[in-house]
Amino acid sequence: YVAILDGYPDLVKIRSRYISHPIGVRASELGETMVAVRKPTPGVTDVKAATTQFVVHQTSTMNQRPYTCVSLQPKTGRKHQLRVHCAQVLGAPILCDSKYGSNPDARREIGKLRRQALHLTQLVFPTVNVYGHLTKGHIKVHAPLPFDLAHCMRQLFPQPTTVVQRLLQGS
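The letter at position 154 of the sequence shown is residue 647 when you use the working numbering, and the numbering goes up by one with no holes.
Incorrect hints may appear among the rest.
[As the list claims (entries may be wrong)] Straight-line Cα separation of at most 30 Å, DSSO-like style, residue types lysine-lysine; simulated pairs:
1. K568 <-> K629
2. K568 <-> K633
3. K541 <-> K605
4. K568 <-> K541
5. K629 <-> K592
6. K592 <-> K541
7. K568 <-> K592
Just so you know, the hints here were simulated from the structure itself, not pulled from any lab data.
Computed from a predicted model, the values in this text were never measured in an experiment.
Construct the complete structure from the given sequences, taking the supplied hints into account.
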């Protein structure tokens with residue numbers, strides 16, 4: 494995944510990092526919300542391990558607001574894992590994520606982006622033989638950035654790093 498964060502992660506000085514932080518469910522009148530927890534917490538149930546690898550590609554400031562372009566790779570599959578880890582562990586929610594804390598003013602500044610700034614760039618599937626057994630091969634499916642997210646990235650990162658430039662070019 495690639496994401497634009499609303500802010501700088503607390504760990505921005507570290508370019509590659511694993512987040513290993515359990516996630517649980519907190520129920521309320523408005524529905525359920527996923528929360529990052531370290532110890533048993535009243536009102537939080539179904540706590541399970543959750544691990545995400547992240548890499549910071551570029552930081553920027555627009556109208557005195559900080560933004561960060563990151564790659565995120567979930568190593569586990571908890572509901573809202575990437576959103577929770579960014580907002581509650583890194584301290585920088587995914588841009589335009591109203592559920593987990595992105596600033597509403599950021600949405601107005603960005604303009605065309607009407608959704609979370611999160612995009613799955615690649616899926617990798619293992620291949621199987623005619624007997625249904627896994628082989629050493631795999632199939633990769635690439636998904637270039639959609640127009641709205643690419644436009645947002647060009648606005649926020651006018652002098653993109655090599656990695657961000659590759660994302661914008663769709664490779």
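Results of checking the hints against the structure:
Restraint check for K568 and K629: satisfied, since their Cα atoms lie roughly 20 Å apart, inside the 30 Å limit. For the hint linking K568 to K633, the alpha-carbon distance of about 18 Å falls within 30 Å, and the restraint holds. Our distance criterion of 30 Å between C-alpha atoms is broken by K541 and K605, whose separation comes to about 36 Å. A C-alpha spacing of about 13 Å is found between K568 and K541, which places the hinted pair at or below 30 Å, so the restraint holds.
Restraint check for K629 and K592: the C-alpha separation of about 40 Å exceeds 30 Å, so the hint is violated. Our distance criterion of 30 Å between C-alpha atoms is met by K592 and K541, whose separation comes to about 20 Å. With a C-alpha separation of about 22 Å, the suggested pair K568 and K592 falls inside the 30 Å cut-off, and the hint holds.
Violated hints, listed in ascending order, are 3, 5; each of the other numbered hints is respected by the structure.
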